[in-house]
Structures are given as structure tokens and as C-alpha cells.
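Colleague: Now for the letters of each chain:
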Amino acid sequence: MDRQKMVIIVTHGGEDPERATIPFVMANAALATEMDVTVILQTTGTWLAVKDYASHVRADAFPSLDQLMKDFKEMGGKMLACVPCLKSRNITEDMLIEGTRQVAAGTVVTEASSANATLTY
Amino acid sequence: MDRQKMVIIVTHGGEDPERATIPFVMANAALATEMDVTVILQTTGTWLAVKDYASHVRADAFPSLDQLMKDFKEMGGKMLACVPCLKSRNITEDMLIEGTRQVAAGTVVTEASSANATLTY
Amino acid sequence: MDRQKMVIIVTHGGEDPERATIPFVMANAALATEMDVTVILQTTGTWLAVKDYASHVRADAFPSLDQLMKDFKEMGGKMLACVPCLKSRNITEDMLIEGTRQVAAGTVVTEASSANATLTY
Numbered sequence: 001m002d003r004q005k006m007v008i009i010v011t012h013g014g015e016d017p018e019r020a021t022i023p024f025v026m027a028n029a030a031l032a033t034e035m036d037v038t039v040i041l042q043t044t045g046t047w048l049a050v051k052d053y054a055s056h057v058r059a060d061a062f063p064s065l066d067q068l069m070k071d072f073k074e075m076g077g078k079m080l081a082c083v084p085c086l087k088s089r090n091i092t093e094d095m096l097i098e099g100t101r102q103v104a105a106g107t108v109v110t111e112a113s114s115a116n117a118t119l120t121y
Numbered sequence: 001m002d003r004q005k006m007v008i009i010v011t012h013g014g015e016d017p018e019r020a021t022i023p024f025v026m027a028n029a030a031l032a033t034e035m036d037v038t039v040i041l042q043t044t045g046t047w048l049a050v051k052d053y054a055s056h057v058r059a060d061a062f063p064s065l066d067q068l069m070k071d072f073k074e075m076g077g078k079m080l081a082c083v084p085c086l087k088s089r090n091i092t093e094d095m096l097i098e099g100t101r102q103v104a105a106g107t108v109v110t111e112a113s114s115a116n117a118t119l120t121y
Numbered sequence: 001m002d003r004q005k006m007v008i009i010v011t012h013g014g015e016d017p018e019r020a021t022i023p024f025v026m027a028n029a030a031l032a033t034e035m036d037v038t039v040i041l042q043t044t045g046t047w048l049a050v051k052d053y054a055s056h057v058r059a060d061a062f063p064s065l066d067q068l069m070k071d072f073k074e075m076g077g078k079m080l081a082c083v084p085c086l087k088s089r090n091i092t093e094d095m096l097i098e099g100t101r102q103v104a105a106g107t108v109v110t111e112a113s114s115a116n117a118t119l120t121y
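Protein chains in written order, with this note's numbering: chain A, 1 to 121; chain B, 1 to 121; chain C, 1 to 121.
Think of the hints as simulated: they come from the structure by calculation, not from any bench. Take the hints with a grain of salt, since some may be wrong.
Chain copies aren't distinguished; within one or between two, either way the pair holds.
When the alpha-carbon atoms are kept at most 30 Å apart in a straight line, the in silico DSSO-like pairs for lysine-lysine are as follows [said to hold, decoys possible]:
id: 1; residue 1: 78; residue 2: 51
id: 2; residue 1: 70; residue 2: 51
id: 3; residue 1: 5; residue 2: 70
id: 4; residue 1: 5; residue 2: 78
id: 5; residue 1: 73; residue 2: 87
id: 6; residue 1: 73; residue 2: 51
id: 7; residue 1: 87; residue 2: 70
id: 8; residue 1: 51; residue 2: 5
Next up, chain A with everything else stripped away, as it sits in the complex:
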């Protein structure tokens, strides 16, 4: 049987720590149940792909985003970032967390339409 798959689109960064953090809490909970999880960063959410950025984002009563993202990567989560969203923020490849994949809309559509659930934060 195919593994279940969850796609989580993140559209907030440090300007809204709770909306930036919750997606990774969800993602890690899904990974813990043996689901495949892809996080897709769009709009201000693309800032989360920048090395060391997450260590400056902290939502009250939640685990640290930095640690959540490390756990996410370790458990095999995939992280994609929207190309024009990166470009308009002058975020260049050398600034990205290792393993972040830069993708265009077609890939987002493929990911979302192959998922059992897609959440957008």
C-alpha cells in the first residue's frame, strides 16, 4: 500500500511566529506516523529556508522552530521553496538550508494533487 502523504504550504515567516511554527509541528507529527511530508514555502514563508533564520523565530508555548526544523529534516521531511518568492526577496541559493529544493508552480501542483491532505498556513 502507498504511504499516506501530507503537503503543508507555509506562507508566514518571522512576522507571525505562531503561523510559521505550527506547520512544522503538524509536519513532524505526520512524519512520526510514517507519513511522507512535504513542506512548501511561499511568500514570506520562504524566509524560513534561510540558514539560521529560524533561530530568531519563537512562538510562545511551542517548541523552538529551529529545533522543529532540524527534527523535520532528520525524520526525512522534504522542504521546497517557491522560486519567484525567493527571487523577489533576493534570497540566493548560497543562503538556503542544505537540501531545500527550489521549485516552480508545476511541482507544487504535482505535490498537492498527490497528497492525502494539503494544509495551507
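Using the hints, position chains B and C against chain A.
Modeller: What follows is chains B and C alone, placed relative to chain A:
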């Protein structure tokens, strides 16, 4: 045959009356077609779980949120609220609308992945 | 075999050009892969249904929204707008882009629950 199921995640409260109200309009329309509906409150949306809070939220041209939430409950809708979101707002159990279930991320993942559609507002 | 179907709910207009534009980039990428696509406009997103409005919305590094919406229509995308959202903004039928369908919650529920993926922006 299994009943269809819709999950609606609400991430806005009184600071955005329209985004707080529309999810319950959707939820009640889905309940009216015999679907199972679970509303999950996160971020500022958790305020909606507080007794009497909804009576102070009103979106122009929409039915009153208070009435929508009463109808939702009467038609069998389930309402869940995110534990850390409640905690960071000092919302305690005695303040919650009867029947509200406090849940962690694992439950949200289970709900979303078992739904035919998941909407996030 | 049934065609795949994507529903995209748009809840931002000119106040957030990137969140108004990305849904149509996604929509057109999905249409290009032979999926059926329905865009549903809610809250401030309903402004996008007003003729000539999109020509004043421009997100850095993205194609023009105006052109994206023209392509969307030409490729057969369906655009629905939430009735109370239009009403509260005094947007009347004569102001709408040709082909825009005004819908109540029941239609949104039907669309979302028949889709392979529903994204909310």
C-alpha cells in the same frame, strides 16, 4: 459507504470577523449535506472556543457567528482547539464552550488525513 | 477515468499582491496539466472578480495578475465568488468579470469535496 468528511482549520478570531465567520458558514453547509465536519481552532482562532466570545464578532452581510456556532453544535459538528495556542493565550478549560476538545498536533494530522477535504482559513 | 480537479480558495486582493497572484500561478499550472480548476474568491479576494481591478495588482518577480487571469479564463478555469463577500463590499453584478459565478456556501462545499486537492490562500 463512509460518510464524506470535511475538516476546517480556523486561524482567525475577532481581529478578522469575516475570516472567523466564513469557516462556520462552510461547516454548516457541509453538515446540512450529511457530511461529518470537524472545525479545528488554531492561533487567534482559539478565541472562538471561549464562551460568549463569538457574540462580539460580527461580519457584515453574514449571519451572526454566535448563531452559526450554536447551529454547528446542534447539527453535530465537532470543535477541537490547539493546546499550545490556548496555553499561550491563558485560555483555561473552564472558559471553553462545552464540548470543545483540546488536542495536540497528532489529532489534527489524523483528522486532516482522514478527510475528503481540508480547508484552512 | 475522471479528470483530476483542483480547487483554490483566494482570500486576498490588492492589499497583498503576492497572495492574490500565487493562486492564479498555481491554477494555470494545474490547467496546463489537464486538471479541472475552480478558483473561489472570498473575503478581500472577491475584489479580483471586479473588471480591470487585477491590472492594478502587481507582485514583484511574478507574471502580471491581469495576464494570469486572462490565461486562466482562456484555458477553461472556472471562477466563483462568495455572495455575502460581494454584498458587504457593494460589488454588484455589472462590475464583475464576465463568466464569474456568484455562489453560496453549499457550492463551495460541493466543489471542495469533489476536488483532489483544495488550497486556501
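Colleague: The structure should be examined with respect to each hint, and the outcome stated for every one.
Modeller: Tested hints:
1. Taking the closest pair of Cα atoms, residue 78 and residue 51 come within 30 Å of each other only inside a single copy of the chain (16 Å); across copies the shortest separation is 40 Å, beyond that limit.
2. For the identical chains of this complex, residue 70 and residue 51 are intra-copy neighbours only, at 11 Å inside a copy versus 38 Å across copies, given an alpha-carbon limit of 30 Å.
3. Taking the shortest alpha-carbon separations for residue 5 and residue 70, only the intra-copy value of 20 Å comes in at or below 30 Å, while the best inter-copy value is 33 Å.
4. Taking identical chains as interchangeable, the C-alpha atoms of residue 5 and residue 78 lie at most 30 Å apart whether they share a chain (11 Å) or sit on different chains (24 Å).
5. Within a single copy, residue 73 and residue 87 get their C-alpha atoms as close as 24 Å, and across copies as close as 27 Å, so both meet the 30 Å cut-off.
6. Taking the closest pair of Cα atoms, residue 73 and residue 51 come within 30 Å of each other only inside a single copy of the chain (13 Å); across copies the shortest separation is 40 Å, beyond that limit.
7. Taking the shortest Cα distances, residue 87 and residue 70 sit within 30 Å of each other both inside one copy (25 Å) and across copies (24 Å).
8. Taking CA atoms no more than 30 Å apart as the test, residue 51 paired with residue 5 passes inside one copy only; the shortest distance there is 26 Å, against 36 Å between copies.
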